[in-house]
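Residue numbers (our numbering), protein chains in the order written: chain B, 987 to 1715; chain E, 987 to 1715.
To be clear, the hints were calculated from the coordinates, so they are not data collected in a lab.
There could be a bad hint or two in this list.
Since the list gives no way to pick one copy over another, a pair counts as held whenever it fits inside one copy or between any two copies.
[What the hints assert, rightly or not] Using 27 Å as the maximum straight-line C-alpha spacing, the simulated DSSO-like pairs for lysine-lysine come out as follows: (1) K1643 - K1031; (2) K1276 - K1451; (3) K1539 - K1643; (4) K1031 - K997; (5) K1339 - K1467; (6) K1415 - K1031; (7) K1211 - K1298.
There are 2 protein chains.
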Amino acid sequence: MLDDVVSSDSKFRAIHVMLNPRSIAIVGATERAQYGGRFVSNLLKTGCKAELFPINPNRETIFDLPCYHSIPELPAAVDLAAIIIPAPSVLEALWQCAEKGVKSAVVISAGFAELGTEEGRARQAELQRLVSETGLRVCGPNCLGLANVAESIWAAAGSRLATDMTAFAGSIGLVSQSGATGFGPLIATAQDRRVGYRYIVSTGNEADLESSDFAQYMLQDPKIKVVAMLVEGFRSGRKFVETAELALEVGKPIVLLKVGRSVVGSRAAGSHTAAMTGSDVVQDALFRQKAVIRVDDYDELIETANMFVKAKPPRGERVGVVSHSGGIGSFLADKCGEVGLELPALSDGTRDKLREILGERGSAANPADVTGFALNDGFPAILQTLLSDEGLDVQVVASAGGESQAATVSRAAEECDKPVVFLWTGSFKDTKTLPLLQDGPAPVFYLPGRCAKGVRRLLDYHAAKKRILSDRTERQEWLAKWPEDTLERLGMLASNPTGVILDEHESKRILSGFGVPVTRESLCINLEEAFSAAATIGYPVALKVVSPDIPHKTEAGAVRLGIGSSEELADQYENMLRTVRCRCPHAAICGVLVQEMRGGVAELIAGVSRDPQFGPVLMLGLGGILVEAIGAASWRVCPITQSDARLMIGEVKGLSKLLAGFRGRASGDLDALVSCLVRISQMAVHARDTVASLDINPLAVLPKGQGVVALDALIVRAGHNAVILGDQE
Amino acid sequence: MLDDVVSSDSKFRAIHVMLNPRSIAIVGATERAQYGGRFVSNLLKTGCKAELFPINPNRETIFDLPCYHSIPELPAAVDLAAIIIPAPSVLEALWQCAEKGVKSAVVISAGFAELGTEEGRARQAELQRLVSETGLRVCGPNCLGLANVAESIWAAAGSRLATDMTAFAGSIGLVSQSGATGFGPLIATAQDRRVGYRYIVSTGNEADLESSDFAQYMLQDPKIKVVAMLVEGFRSGRKFVETAELALEVGKPIVLLKVGRSVVGSRAAGSHTAAMTGSDVVQDALFRQKAVIRVDDYDELIETANMFVKAKPPRGERVGVVSHSGGIGSFLADKCGEVGLELPALSDGTRDKLREILGERGSAANPADVTGFALNDGFPAILQTLLSDEGLDVQVVASAGGESQAATVSRAAEECDKPVVFLWTGSFKDTKTLPLLQDGPAPVFYLPGRCAKGVRRLLDYHAAKKRILSDRTERQEWLAKWPEDTLERLGMLASNPTGVILDEHESKRILSGFGVPVTRESLCINLEEAFSAAATIGYPVALKVVSPDIPHKTEAGAVRLGIGSSEELADQYENMLRTVRCRCPHAAICGVLVQEMRGGVAELIAGVSRDPQFGPVLMLGLGGILVEAIGAASWRVCPITQSDARLMIGEVKGLSKLLAGFRGRASGDLDALVSCLVRISQMAVHARDTVASLDINPLAVLPKGQGVVALDALIVRAGHNAVILGDQE
């Protein structure tokens, strides 16, 4: 597979050469203890088989290697040039590389966009121009380099080294924007756990090649089972989406440590690299939609990636726990419960068999407390009994026993088709049993909380993967579904210069074209028309002033609700127009909307906005001022499928309860809401270029079987600043 | 101090003897690899200086020690007897110990209440009878024993041993209900981090001495700086409260790992020990009120306890971060932001000084990215510059440099009066630098997330301690405040047999006695009285049927709101009574309440219920069905202070926003709400024995300056099951 990819795509060919160079030039090589010196000595220490060409105008040799004085002097076009010289000289060196026919370059030097200065940004733009003109592909600048551990190529300037390269080689591909993290704690953490990488790539500012490019390459390498990423900000959101989709297709998980959970962190990362961290809720939504596994810390990145390398796919979600200790077992059970894992009771047969082994001691339950039997000859039978229980899908062993326990667990993990996970409760420094476990087929965790979260992620990933792949057809069908005139009306928005916002009536017409149910209503230009409309619709009705200049009708006094008779209609009609003219003297008024009154089981807000990285984003939240203050909402990147919509509804706190018929109230039309959300997301995709934002507020969910209805709607055209919706927090 | 305590209190005397025995009898000693054998060999391996008396009817020697055949044969009354024999023989052995004058006992044997059988419970009750009759104090049963590390006494049957006892001795006292956890992962985790204990006590079933007893002893030992606890369930909630108060008084933190966050865990722990895990929200509230530091996993217990041993009290909450890496710094900053830590910008002076050292490289900001300067001669000046910045209160160094970096940090932590915290980003297995740091004066963390949480807890603990100690006077004043007749009326509830619930009117009279504002209202027995009451109160009014048999008035049709005139009053009055008689034909009706109508900025629910372990508990939540479905609420154990009330209000999601005047609405009377909550909690304390529960629903918060008012209230008398309030989830 990899060969095809590499031969057909120049970008992947460049990455392939970078990671498998037969010759490396080091521009800025030195013997001193700085980046240029460490880079050369790292290559030497790890026994690199590539031919090395140190370049330094003032030296004849570097660490006994013959030294060249300049790039043009190189005897041949090398596979990889590492640039480790002051920033002002980098561009010239790269031009010389291109001229020489060098096949790829990694720029360690800092002093580009990350400075935040005009000069730095200009220098980076210059580098990008070079790439597009010459076709020379570049990793960096402001990175620490890369390593192909399996091939003992350590082309990196970090001070931390894998001492035993062969032992350290594994099937995880690591891509880290931060060089000092990738070649620092992410190596230390992996080595403490005897987890190995095949590749380590630090991408720095990503002026040319970005994290997603390397991840895509690795996903297509049959020797890689999992891609681990540390990302501060995506240079291209779209490309990351493609990467995540590729990962699903090839069935290899992406485990991601993403900076930017908090404003403080976003700010720090922003000042540190050129990448923006982006909106965290939108990214979290995208990760859920694409089965990207987001983790929270260094240890989780390593342990989770390792789990996905080793653990078999589970058939279901029921977890069994066994330990030598009741206290450890119940604490682990507590942690499992916190993340919503289910620990079912053992079947009678399993319980009886365990009881037979345990006698009076311990507890033949789930979690099973098997006391000293965890360490003696009884353990293989105990574990076998649990693994044979059809009511359990994942088995966790929490212990710190000796070599025989480790062998029992490894054998079971090897032979059984269920995932077997080990929670090590001993010391990290154990040199007898722990390495056996770490090198065995069962993934190892070191803390109850991390272990429970790990298992949760294993289950979630496989469930999400299955769901997303089976939704593929649905997604295709939806996109092809819309009639020409509906799409045309959308398209006209771009050319029609009639103002920033579409009024309620116009907005609803567009929604309606996508099958989103809206209120029955009529736009009237005088009282007579209003009388007639109200008679047709039936009292009570609502009155609303329609004006593209009044996005917030309530504040303008432009709404009257529950009008019960023609007398009241006459009275309110005039009064409302007087109020509006007084409060908004310059608003162009198109007419008055006479509208049916509808009340629902729940009033929601559904909105679409545009994320600069991921395009249109759908938001669903509870309506009403109290709940707005609480901020219960869920997000997804458009388009969504029906199962996405159901998950969204589940994520809006309290909503599932309300729709199920809370406290004796009627239950809501869940299916109609699901379908409506999908349709809104479809509109958002088709309106990608013409609509900046959409708000349906409120969207009423009617009792079961009666559907949903948009009571009010507001579309803001693209090209206009969405700040007009300033009250959306 | 410890001497006084020990000489004046027989319980502490027994604990003191247990932890400092000069002679130990081991009942059930053996040479085999089981509990009795490990117990003896552990004592021998760790060089115990106490005299040892193995007891085994079938042996003459055990590991070359002369063996006794029975307890009566012992040559003297030993300080400590360890009982490691089958459960059915334990009681007899303990009676013999008592007779012999043995000063204390630790029962390793299992087979008591933890079995969940009648037999097990009876055996444990028998043990408790022995304790109360003989005065012999017992640790266990179903535990692993205890250790006085500082004195090299390892009276425990666990297989994990501190190999170098002197190196392992520290100033943390560890109390663990789970023996296998205390003598398992909590030792391994501590040793990996070179964190030392002074005592390790496993308490098992706590038939006699419980965790709190040992914790209290340790808190009074001047050599202990922090008490670390692992608790599955408190045997006595009240005693734990006393323990937490003692901790505040002596200024030593309690760091607590409490099982029972989830239902799964509670169930598992319940089946494992005799202790109930209790309500997690109530316990969390109590921990906040008493500055008990709750942690989430083994590593956090150790690292947090160690931090409190070492870190100086901070003057403020502003955190500085410095690292050799921008990526590590910004990830740590992200983690800091997640837990609400503030990383302010550096002062101009600090920034300029850093810039001078760094030159063109790195970033002179917060977080500071000082690149290779973290490892060279520039670092002492960098750290000194940051520590001199008056705008920073805590300094975190995130790195994995060499010995000189470690020395610089240690020196700074020693000399500076700010807390200095180290985040180690290298390997756990580092043997050169890491041990220097671990043995130095700066607390060490190993993951960015744990480090940020640790600093958060440092700040929170010191803030809470200060707040609680300064609230002490207020708490005393409140308790003495209430007039005799108010308390009498409460007392009468106990003797008055008029039913399970107090009607709204009665409930409000009692609240009113404690200064809780209630609606103006009048209980009327006929329409004429209602007319006259409504005229006095002023229309619109509300009508409510008053009956102790109707706790849920709305469902019974017993409420009419917004009655605007005497005509409407007449109409609704009759209609309401007809409806109620039809729906609740057997309800005794005391009359009809005519009540003023009040609307507020926010409608809340305030309730009191009784926790079986901690007594009356106050709950504050948002009212309204939507928000009920969301479940935004906060809890505190009564009584509370004004600052507790303010924190509660802050914890109810959305409430602070609402009270501050959300979206142009009026702001609410925060001070009145605070005072009202304190008063309700006062009532709850005085009504501890007479009131089972209280609900004020809704409690309206009026605009600023206008107070709060209880619109409805319901008291359920004690001795009656609170299930009547079944709709409270």
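Checked hints:
1. Taking the shortest Cα distances, K1643 and K1031 never come within 27 Å of each other, neither inside one copy (62 Å) nor across copies (60 Å).
2. For the homomeric pair K1276 and K1451, the shortest alpha-carbon distance inside one copy (8 Å) is at most 27 Å, but the shortest distance between copies (46 Å) is not.
3. In the homo-oligomer, the alpha carbons of K1539 and K1643 lie at most 27 Å apart only across protomers (23 Å), although the nearest pairing inside one protomer, at 31 Å, exceeds that limit.
4. For the homomeric pair K1031 and K997, neither the shortest alpha-carbon distance inside one copy (30 Å) nor that between copies (64 Å) is at most 27 Å.
5. For a Cα distance limit of 27 Å, the shortest separation of K1339 from K1467 qualifies neither inside one copy, at 58 Å, nor across copies, at 64 Å.
6. Taking CA atoms no more than 27 Å apart as the test, K1415 paired with K1031 passes in both settings, with 26 Å inside one copy and 21 Å between copies.
7. With identical chains, the CA atoms of K1211 and K1298 are at most 27 Å apart within one copy only, with a shortest distance of 12 Å there and 47 Å across copies.
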